[in-house]
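Could you put together the complete structure from these sequences and hints?
Taken in sequence, the protein lines are chains A and B.
Our numbering numbers the first residue of the first sequence as 1 and each following residue consecutively.
Our numbering numbers the first residue of the second sequence as 1 and each following residue consecutively.
Among the hints, a few may not be true.
DSBU-like, lysine-lysine: derived pairs with alpha carbons at most 30 Å apart [to be verified]: (1) A:Lys209 with B:Lys164; (2) B:Lys164 with A:Lys164; (3) B:Lys164 with A:Lys71; (4) B:Lys5 with B:Lys182.
Source of the hints: derived by calculation from the structure; they are not laboratory data.
2 protein chains.
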Amino acid sequence: MTTQKKMEKVDGELKKLGVKVTQEITKKENPNIEIPIRALSNVVYDKKSGQLVLGSKTSRRYYFNVAHAKKFMQTLMVASFSKQLIDHKIHASIRDMFYNLKRTLPDSHENTFDMQSESDPIIVDLEVALDVLREQLHLTTDRKGIVAGNVQIKDRGDIIDWSKLGSGGWSIPSTVDEVDFKKVDAESVIVVEKNAGFERLHEDKFWQKQKCILIGTGGQPSRGTRLLIQRLNKEHKLPVYVMTDADSYGFYIYSVIKSGSISLAHVSDRISTPTAKFIGLTISDIYEYDLKKCTIKARDVDIKRAKELLNYDWFKKPAWQKEINLMIEKGIKAEIEALSHRGLKFMSEEYLPDKLKKKKFLD
Amino acid sequence: MTTQKKMEKVDGELKKLGVKVTQEITKKENPNIEIPIRALSNVVYDKKSGQLVLGSKTSRRYYFNVAHAKKFMQTLMVASFSKQLIDHKIHASIRDMFYNLKRTLPDSHENTFDMQSESDPIIVDLEVALDVLREQLHLTTDRKGIVAGNVQIKDRGDIIDWSKLGSGGWSIPSTVDEVDFKKVDAESVIVVEKNAGFERLHEDKFWQKQKCILIGTGGQPSRGTRLLIQRLNKEHKLPVYVMTDADSYGFYIYSVIKSGSISLAHVSDRISTPTAKFIGLTISDIYEYDLKKCTIKARDVDIKRAKELLNYDWFKKPAWQKEINLMIEKGIKAEIEALSHRGLKFMSEEYLPDKLKKKKFLD
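Here's what the structure looks like:
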């Protein structure tokens, strides 16, 4: 679907909601909105697609229901705010939205919203109810993640060449959905958890030598970064390899990129990449690449998290069980930067090329 | 000084250190390094320059001194590592450096470094002892901050146009020192504490309309961002205006940009901008621009911090004392995003143009 088509779909969904509610009012029915339930009880791991998704349970929010009325009003306010953003082609942060919508209802002491913690979940409700992305409602998240590679994009009228941004790379916005790819000349996407890792690889022109698109997530990837990875994978058929620290948090970051997360299960199909593979660091790498001097003792909380991972359906594969058990047994973890022990260019000139060549991935 | 000249100076300082120590060894003297003291006791506010700077106290680190020997070795290891980075024209994070230098001394159980908390302060020791910036030693910090405007720079061989980066802006690296300005077409620099504020202003093409360079710091500015602000101010004579939340933390962010911080007092003269002015939000703005609906109750810790600010020399100006006292008296604070209460474009089309036109700044 083109960017233009996608935006028309979102606009259409918002209109449809408005028309439905006004018709119910005209017909003197009880206006209501159907919203899929987002609680853990309605999140399932879909083995076929390899993604965490929402089940089929839904609830209905009614106007004539004292327990629902305020939330019903808030939902329509947010929907209307989004419609205006789209109409005026502008974007706002969720905090901007909160302040913009916060006011006292006429002849009362009742505020539309008292706290941002009231308006934030309404956005997710709308995402689920309308089956759209928050970014498509023009509600932005904080920018996080950087990318470099032989790619040209068009963004807000500017042509941007990801291969010509000096030491910087392109800072990934939350509105990745609105970017048009003009030229994509790469054979794979390599995602690195740490910005420092990205910088080292970028400085060594790794993306040029390995014909890849290099993405740094700066920790748990933002929605924009996950969306970008998915678009490169789906639209340009590029295999995705993820590199994180060798510890339970790193492994989980990989699984979020691949299968989605519980809290964002409702958008997994639109922002996760089920074919993504894990390129390292594994706990075994510590022994294979002689990094024993550079491990860190795992804390209790690391081990606890590792034990949780063992029980996740999507980690129930022999290779993963072996790695996670090895972490628990040895009580150690290691950071990407540990590779620098073998030399600053070891990661870009030996470790990653070796892994790519021998296809040493975990799935 | 040109970028090339600056790098030669740093290289020269490292060489000088090596030559000094080898000469002392040849002459059978006790090799030593003189390091200015960085403790609070040696940090002073210099009224004339308007900056926090180091006093004149120094200490000496000797090789033949059991209490100094290990640190002496570590200092030379870090200096030698930096020299190699510069010679090979590569950069490394301080964590990469730690892992690279960590090893066991031959025929002993003694490690060169056990923890990164040992190698980090050595870098600062070198900064102070050699009077260079850590970035010039090719030791990078995490990338933070974004910039947009009518500016062309040259970075690692690429020409980058800050006016043509779509929704993104240019992500500010830690190696700002190595960037060459090719074209700077602007009348001022506007620095915004919040990335969301940057995004809103950027989307409204504020920098185009106001002929300014727009910088988003994403909270407390990184060293790279502070250096960039200073370079634009010093080398291109651009006035700098800082916008933060109306609270003690926001005010402090402004003061760090302007006067430096205690922990980085030794580099104030190279990364702070004493002529920077504060453009908002003030506590008075809450009343002047009708934002009373959108304030937040100040927490005890906010008030405590505000009382500390009152006693800082650089806040001992009537206008600042008035604002800080107003915050304490009313017990409120407000975020930049509160301006969205008056409309999403209020900040870019009314608030900031009004402040700029009427020169409503705090100094």
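Evaluation of the provided hints:
no.: 1; hint: A:Lys209 with B:Lys164; in the structure: 27 Å, holds
no.: 2; hint: B:Lys164 with A:Lys164; in the structure: 12 Å, holds
no.: 3; hint: B:Lys164 with A:Lys71; in the structure: 42 Å, violated
no.: 4; hint: B:Lys5 with B:Lys182; in the structure: 17 Å, holds
The structure is inconsistent with hint 3 alone, although it conforms to all the rest.
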